[in-house]
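J.: Using the hints, position chain B against chain A.
2 protein chains.
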Amino acid sequence: MRRLFSLAVAGVLSFGCLASFAAADEGMWTFDNFPAAKVKHAYGFAPSAAFLDHLRKAALRSPGCTASFISPDGLVMTNHHCVLGCVGALSTAQKNLIENGFIAQRRQDEQRCPNFDVNQLVAITDVTATIHAATAGKTGAGANAALRAATVQVQQSCGSDQTVRCDLVSLYHGGIYDVYRYKHFDDVRLVFAPEFTVAQFGGDPDNFNFPRFDLDVGIVRAYENGKPAASPDYLRWSENGSKAGDLVFVPGNPGGTSRELTTSELTYERDYGLPATIAQSEELRGIYEEFARRGPEQAREVNETLFGLENGIKVQSGRRLALVEPAFFAAKVAEEKRLRAAVAAKPALRAEASAWTEIERVQALRASVARRQGAATGATRGLLGTAITLVRAAAERPKPNAQRLPEFTDQALPRIARAMSTSTPVFPDLQEVQIAFGFSKLRETLGTDDPLVKAFLGTESPDQLAHRLVAGTKLGDPAVRKALYDGGSDAIAASADPMIVFARAIDPQLRALRKDQEDRVVAPSRAAAERIAKARFTVYGTSIDPDATFTLRLSYGSVKGFQNPAGAQVPPYTTIGGLFERATGAPPYVLPKSWLDAKSALDLTTPMNVSTTNDIIGGNSGSPLVNARGEIVGLIFDGNIFSLGGDYGYDATRNRSIAVDSRALLEAFSKVYHADALVAEIRAARGR
Amino acid sequence: MRRLFSLAVAGVLSFGCLASFAAADEGMWTFDNFPAAKVKHAYGFAPSAAFLDHLRKAALRSPGCTASFISPDGLVMTNHHCVLGCVGALSTAQKNLIENGFIAQRRQDEQRCPNFDVNQLVAITDVTATIHAATAGKTGAGANAALRAATVQVQQSCGSDQTVRCDLVSLYHGGIYDVYRYKHFDDVRLVFAPEFTVAQFGGDPDNFNFPRFDLDVGIVRAYENGKPAASPDYLRWSENGSKAGDLVFVPGNPGGTSRELTTSELTYERDYGLPATIAQSEELRGIYEEFARRGPEQAREVNETLFGLENGIKVQSGRRLALVEPAFFAAKVAEEKRLRAAVAAKPALRAEASAWTEIERVQALRASVARRQGAATGATRGLLGTAITLVRAAAERPKPNAQRLPEFTDQALPRIARAMSTSTPVFPDLQEVQIAFGFSKLRETLGTDDPLVKAFLGTESPDQLAHRLVAGTKLGDPAVRKALYDGGSDAIAASADPMIVFARAIDPQLRALRKDQEDRVVAPSRAAAERIAKARFTVYGTSIDPDATFTLRLSYGSVKGFQNPAGAQVPPYTTIGGLFERATGAPPYVLPKSWLDAKSALDLTTPMNVSTTNDIIGGNSGSPLVNARGEIVGLIFDGNIFSLGGDYGYDATRNRSIAVDSRALLEAFSKVYHADALVAEIRAARGR
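Chains as they are written, first to last, in this note's numbering: chain A, 2 to 689; chain B, 2 to 689.
Hints are not guaranteed to be accurate.
The list treats identical chains as interchangeable, and a pair is accepted whether it falls inside one copy or across any two copies.
Stated by the list, open to error - Below 27 Å or equal to it, Euclidean Cα-Cα: the simulated DSS-like pairs (lysine-lysine) are:
hint, residue 1, residue 2
1, Lys-139, Lys-347
2, Lys-400, Lys-516
3, Lys-561, Lys-39
4, Lys-96, Lys-139
These are calculated hints, taken from the structure and not from any lab test.
The shape of chain A in the complex, shown without the other chains:
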């Protein structure tokens, strides 16, 4: 599972052939710079402009994930783990949809997901010159302010139509600035979800592993004006599925990669950043695991959060393992050396040579400035984070749009307003544990004598303070939140809610820390990265793809297995029969009753999951796997363990994407779930 795009995916152990990172099948290409000729050379098929346009319009961005239209009536396919929040929110004490799954046999049974949307990329416009002109010659706070103003201008250029959204996208770390214009679908309704146990069969032990046997699918439908949205650009289901060696494409929104980072940045990540994050996440994982043992209610409360945390731990650990692999790191060092040598050799670029040393200088600040900022952010979890948002919203909203913190611009505010007024489950016992953990880690990171720690804790312990705040707050109630949001600074100033009182008291220090970090770490890093990007263009052009940015990309590759660490060849397909063999009946290897009942009706030789060479990463979850005819042959939901190093570089020998095979999906829809309307819609769409 690879949903949360901040928890990007990361490769491991020992990399076979890394003489150059520009390996076959590498690349998360933008749709306006897709290397069709390269694909033609490797696979004998060159995607046409129409083929690319069709994929771009069929693919969708959803919160932390990818999705795609699979019928002309707005039917959308994504992963179960991408709609898990929706499935949970639609569950009640009587009807646990996570456990039991959901099927809307009729359109009127489709249920709207709170806080879920999909976005279709309709246009890309290059605004590099404008942005570079706006920030030219500025540094630190000045550069941040200029970029912020330009971002707001881009957003405003879209107008006030709530179905349109414009984002300023920085590619190549500031080398290119584009405006991505989206059609925004706000009303998305749940159509189908399988039981959690088969969607996430194998749980954390099998996560990022292959062979794999998951039915990680969720089906929703986009609505417009209360009716199913028209979606003429949709993907048809393949008649025959795929076979080993087939060329396959993956359109999707890879969340982030770090392939353009300098070796000093990678060293910081390897030695300090990742280890610190992993250590805290492991401790919190233990807390959640044991919290779940308090009882079934607590297990339910923490389930999705634990699931995301464990995914993140695997990702971060995999990234760290890639960076400590000597051959892998040596390749990154060699790559940097080549570029720096090229820069030194070109008189026009010589001025950019200092960019690497500038970034090295900034790394030293990360241990102090960024570490403080990170610890402070980690100490404002749960409802305390909500309180900070309310306090800041009251202060920011009266300001001119361009002068606000970026999360409070006019384009961003509707989402905040909705989050404040929407009823989402809040569990005080879990809140208390989470908030206390944040306080405790703040003290551990900065030390008892640190002024910020003293400002937070005063004479209370982390547990005491968290208990007082959670026991006294009313912020779990959406009506209270809405009143505070709507009431603005007067309401905030008058509030005696302990969470608000506390947030008011610490916010000035949090803002100062954030500004310090932005001015002294973010701005100079960005400025230096832009100079390196400029140098890289001059040397290599756009023959390499930009780091992932949770925007739409296209990857190409083929259906292929790999060699595992023990030296055995892992074939690219598993089967439904293998799923039944692996089911011991003990968690996380439990099959739901629906599957056990359907066993005799199923063709056990049907391919279940499939591995391909596509270069993807977290955020690609829910991407369609598409053949050269543009048809669906699978549904991406994971990568193998070697894909985790993909954050820093692609290893063609072993990095594999994992998808649910389209044949298993249809077999399950029809024979396990008898989701006849769904199957009929997919089949009908194929014929059109």
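T.: Leaving out everything else, chain B in the frame of chain A:
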């Protein structure tokens, strides 16, 4: 706190002057090779043979710690955290000695500690030639068997007197073999323990930090034949304490250092070993923290275990941070390069040059062989470990002494027999959590498809299996354990206890793994390390101290502060007044009532804790801090954060030991605790 010697202590951030590791005050010297001339040169005082003999006989080894005689009647001083197990075992539901402390005002009130002993080093004999002859030309399993036989011969040479104990000690990783002969005191009784909150004031946040304010002291008494033991070699209390710059000695048992490891071994530790250990420990820490929230009973159950675990995490994290510090690691690389160059230049040593590449070869096996063995060991926690011990004891005891696993030799068996028959608290709820965690990590480390994982879990989940074993076992009952131990292989074969049944089933695989590890990793590593040690002797002689081995050593240094990371000078003393200022009243900054009541009677300017330059490490806990007259001026209980890198090298600029000042101890004994008999005995001993 630095008790568990397996949790050795480790340095950090940025090392000031590491041009050479042979820095001033460095060294954990054996008593038969103490550099008196070096001390004379540095401090103008050369310890005489009589001075050294006196310290050697006054210092004691206790489980995981150090202690010392402080009166002629067997009175012994050590740390509170070293006797915490005893204090806990002597507690009852009505009388919580951990919370409330303990004072025996009369000798008859002194209470025997279960599983606590002290050992006095009475003789050191060099047997290097014998051992080298026994293992010469042997490799793998053959070398292990020869060394095992020689070890048993050494133990047997001591005879069957239970008050004598002989250990074969390997120094310089096999460069020197000595026999250390101890007088063994089995009957040790608790005399004084303060309340936990003041003994461990500041808890985990202040651990390995300075300024510090702990009264980490425990007083016990050694008995012989039911009477206080005669201890003519005891340490007198200093009249005036210490002052900045004073020369101070620390006799003690540093648990282990890794200063002689090769850079390939350090690289493995830095990139794989330590990160894996830290990750698992952090998760378990979270589990324990949340387990403690189940209720006050559970908090009590897990308190000491959590305390040890958090200490270990700090130590391991500190060691990792030292190894990722570029200057620190570069110094280790330079050191190795110098030695290898010297080896290459001497024809007589040229054959040893391959030892480094041999160790490098073995590192690759650690990721497979050692990792499997480690995961298996971690999966046999708590009562399951007890079951394995019972199953193995039954199989080993009938064998000839020299052919048994080393933990079942005649010298080792009495301790096992006592552990089996002694009543120690067993908490089923905690056992279940711990055992399930071990199973879960086994699966995570080796993967669901691994044969060992399948042998462990079958069709059960980690939680299910742990629950079944713990719910069904009777091994928490000492009578049951004793019957199984005494009953030997017949009793084991006949047992239907699920824990025994499970242990019987998996033990053959565990033994095979262990043997694989010993033959393919341990034996070749030792053989290569011996060759490097031989080369090092030839080049440097014994002018450098051997790596610590939890045997008696002597360190010298002086009372001195240090510069903290922010650049401020930290003075070497804190005061009792500072303790009161730091007490917020919230855990872990709570003072017990005894101290709050005594405040007005106390001299608040009395030095509380003191920092010195002595080179010590985990296992030195409880060591006396002694002046040049051989008098007690403090009680070692910790090191500062920079001492944690001491595992790999000593940084004279910032590595500091932390002790309770002797003046604070006396002030507390007399004015807070009114422990009049104790104070009288210390005062009387001073006069004798």
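J.: It remains to establish, for every hint, whether it holds in the given structure.
T.: So, going through the hints one by one against the coordinates:
1. Lys-139 - Lys-347: Intra 25 Å, inter 61 Å, cutoff 27 Å: intra-copy only.
2. Lys-400 - Lys-516: within (17 Å within a copy, 71 Å between copies)
3. Lys-561 - Lys-39: Answer is within: at 19 Å inside a copy they meet the 27 Å cutoff, but 67 Å across does not.
4. Lys-96 - Lys-139: Neither: 57 Å inside a copy, 69 Å across copies.
Of the numbered hints stated above, the single one contradicted by the structure is hint 4.
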